[in-house]
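**Student:** Heads up: the protein sequence lines correspond to chains B and X, in order. Per our numbering, numbering of the first sequence is gapless, rising by one per residue and ending at 179. Per our numbering, numbering of the second sequence is gapless, rising by one per residue and ending at 1211.
Just so you know, the hints here were simulated from the structure itself, not pulled from any lab data. The reader is advised that the hints may include incorrect statements.
[Said to hold, decoys possible] Selected chain B positions facing chain X (Cβ under 8 Å, derived; list incomplete):
hint, residue
1, TRP18
2, SER42
3, ALA48
4, ASP49
5, LEU58
6, ALA121
7, THR140
8, SER141
9, GLY147
10, ILE167
C-beta atoms are modelled at their ideal positions from N, C-alpha and C, and glycine is treated no differently.
These are the residues of each chain, in order.
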Amino acid sequence: MNGHLEDSSRRQQRWMSWVYGGILLGLLNTFAIATYGALGVSRNYAVADGWLSGLLGLDFASTNSYMSGIPSAIDWLFMVSVGMVIGGFLATVIKGKLNVRSVPRLWVSRFGDSKPKRFAAAFAGGFLLLFGARLAGGCTSGLVLSGIAQLALAGFIFAIAIMASGIVTARFLYRRQSS
Amino acid sequence: MIAPLAIAAQAGIVGGTDARAVIIGLLTGIAFGAILQRTGASSYHMIVNMLRLKDLTIMKLLFLGIAVGSVGMYVVNAVGVAHIGIAPVYLLGIAAGGLVFGVGWALAGYCPGTALVAMSEGKADAAITVLGGLAGAATLAVSWDYLKPVLVDPLNYGGKSLNDVLGVNPLPVALVLAAVLIAFVIYLDRIDSRPERQAGKRLDPTAHLEL
Chain B
1 MNGHLEDSSR
11 RQQRWMSWVY
21 GGILLGLLNT
31 FAIATYGALG
41 VSRNYAVADG
51 WLSGLLGLDF
61 ASTNSYMSGI
71 PSAIDWLFMV
81 SVGMVIGGFL
91 ATVIKGKLNV
101 RSVPRLWVSR
111 FGDSKPKRFA
121 AAFAGGFLLL
131 FGARLAGGCT
141 SGLVLSGIAQ
151 LALAGFIFAI
161 AIMASGIVTA
171 RFLYRRQSS
Chain X
1001 MIAPLAIAAQ
1011 AGIVGGTDAR
1021 AVIIGLLTGI
1031 AFGAILQRTG
1041 ASSYHMIVNM
1051 LRLKDLTIMK
1061 LLFLGIAVGS
1071 VGMYVVNAVG
1081 VAHIGIAPVY
1091 LLGIAAGGLV
1101 FGVGWALAGY
1111 CPGTALVAMS
1121 EGKADAAITV
1131 LGGLAGAATL
1141 AVSWDYLKPV
1151 LVDPLNYGGK
1161 SLNDVLGVNP
1171 LPVALVLAAV
1181 LIAFVIYLDR
1191 IDSRPERQAG
1201 KRLDPTAHLE
1211 L
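Next comes chain B alone, as it looks inside the complex (with noise of 0.2 Å):
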């Protein structure tokens, strides 16, 4: 992993800098609303799961009260996150090669390369990502990025309740280690 043909063939991939990428997603998010409305996300998860359940044969979308609001349809904000794939993919694959990997090396530092108990932290992790932000009514996307853009005081209420509890969490999780 350490070798220098693949320290070469990384270092074509620099980084966007902060301030270009932030420019860039203001005037995205601009674009955004002046076409169909503002950049959300997590609304898609609800979306995608009345199709899994459909697929599945359940009933779960037709009866249940919170997918009774929740769009059955493709929609613009639909495509947005499937854009996003397509997007991420793109840049990944021009600027050098995937990514591939299960294991993030910063993990590895604090708990072990151990692919069962990363992935159960992911899963874990996105559980709760999610749970959180239908109950809030939006993710780092719709309620902060878009939301607080807006002005919503919702997204300003968001944005403190989760950098207050994700940086308590993660401060916890590393708390034995300095780098």
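Assemble the complex: chain B is given as a structure, and chain X must be docked to it using the hints.
**Tutor:** Below, chain X alone, put in the same frame as chain B:
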């Protein structure tokens, strides 16, 4: 391309969809995903180190994005049609949801959108996070009838924005917010640039791309 479309048609999810919305949404998402990937926002390393307050890059990216977006959106709103949609305020549900979300954020090292992008980069743990997300959203849907009367209905003020509360036009509020956020981002960048925080961080400026 054909197989997913056939499955989609079978599931009844392509009927009556506006083609222009589909194409613009797709292009918007491609740009969104590419920006998140190129800035390192889909990196476990970058997200967890932001939450550990070791490297504030993602926080700076997010706050600058909000600042530019806020002014952009309300300029569009002032000169033409903006599809503004103010999220409802329900203190208990948003605070509880946010606290739960934050724990998941630190555990997964991704948020719902960056997990999708990281998955597309080939990161298997991000794909697992997406699966966990599908389970979490389904669980919330199943428990909605129990949670709504306790966390969503009380202290629910509907869609309220900062300018509603202040009783002023949104554009000046957006400009002030942008100025405050940019000042804060400059302050964060000064903290991030301190020599002791640089030690070990920039030895290999691309190392965290795979992380």
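**Student:** Closer than 8 Å between Cβ atoms is the bar; does ASP49/B clear it against chain X? Give me holds or violated.
**Tutor:** holds (5 Å)
**Student:** Please check whether GLY147/B passes as an interface residue: C-beta within 8 Å of a C-beta belonging to chain X.
**Tutor:** With a minimum Cβ separation of about 5 Å from chain X (threshold 8 Å), the hint on GLY147/B holds.
**Student:** Under the criterion of a CB-CB separation shorter than 8 Å, is THR140/B in contact with chain X as hinted?
**Tutor:** holds (4 Å)
**Student:** Double-check ILE167/B for me: the hint is only fine if its C-beta lies closer than 8 Å to a C-beta in chain X.
**Tutor:** ILE167/B check passes; min Cβ-Cβ to chain X is 5 Å, inside 8 Å.
**Student:** Minimum Cβ distance from ALA121/B to chain X below 8 Å?
**Tutor:** Holds. Min distance 5 Å.
**Student:** Can ALA48/B be said to touch chain X, with a Cβ gap under 8 Å?
**Tutor:** Cβ of ALA48/B sits 6 Å from chain X, so the hint holds.
**Student:** With chain X as the partner, please determine if SER42/B meets the hint condition of a C-beta pair closer than 8 Å.
**Tutor:** Check passed: Cβ of SER42/B comes within 5 Å of chain X, closer than 8 Å.
**Student:** Is the interface hint satisfied for TRP18/B? The criterion is a beta-carbon contact with chain X at less than 8 Å.
**Tutor:** It holds, given that the least Cβ distance between TRP18/B and chain X is near 4 Å, below 8 Å.
**Student:** Does the closest beta carbon of chain X sit nearer than 8 Å to the beta carbon of LEU58/B?
**Tutor:** Violated - the Cβ of LEU58/B stays beyond 8 Å from chain X, reaching only about 10 Å at its closest.
**Student:** Go through the hint on SER141/B and say holds or violated, using the shortest Cβ distance to chain X against 8 Å.
**Tutor:** Cβ of SER141/B sits 5 Å from chain X, so the hint holds.
Going down the numbered hints, you'll see the structure goes against just number 5.
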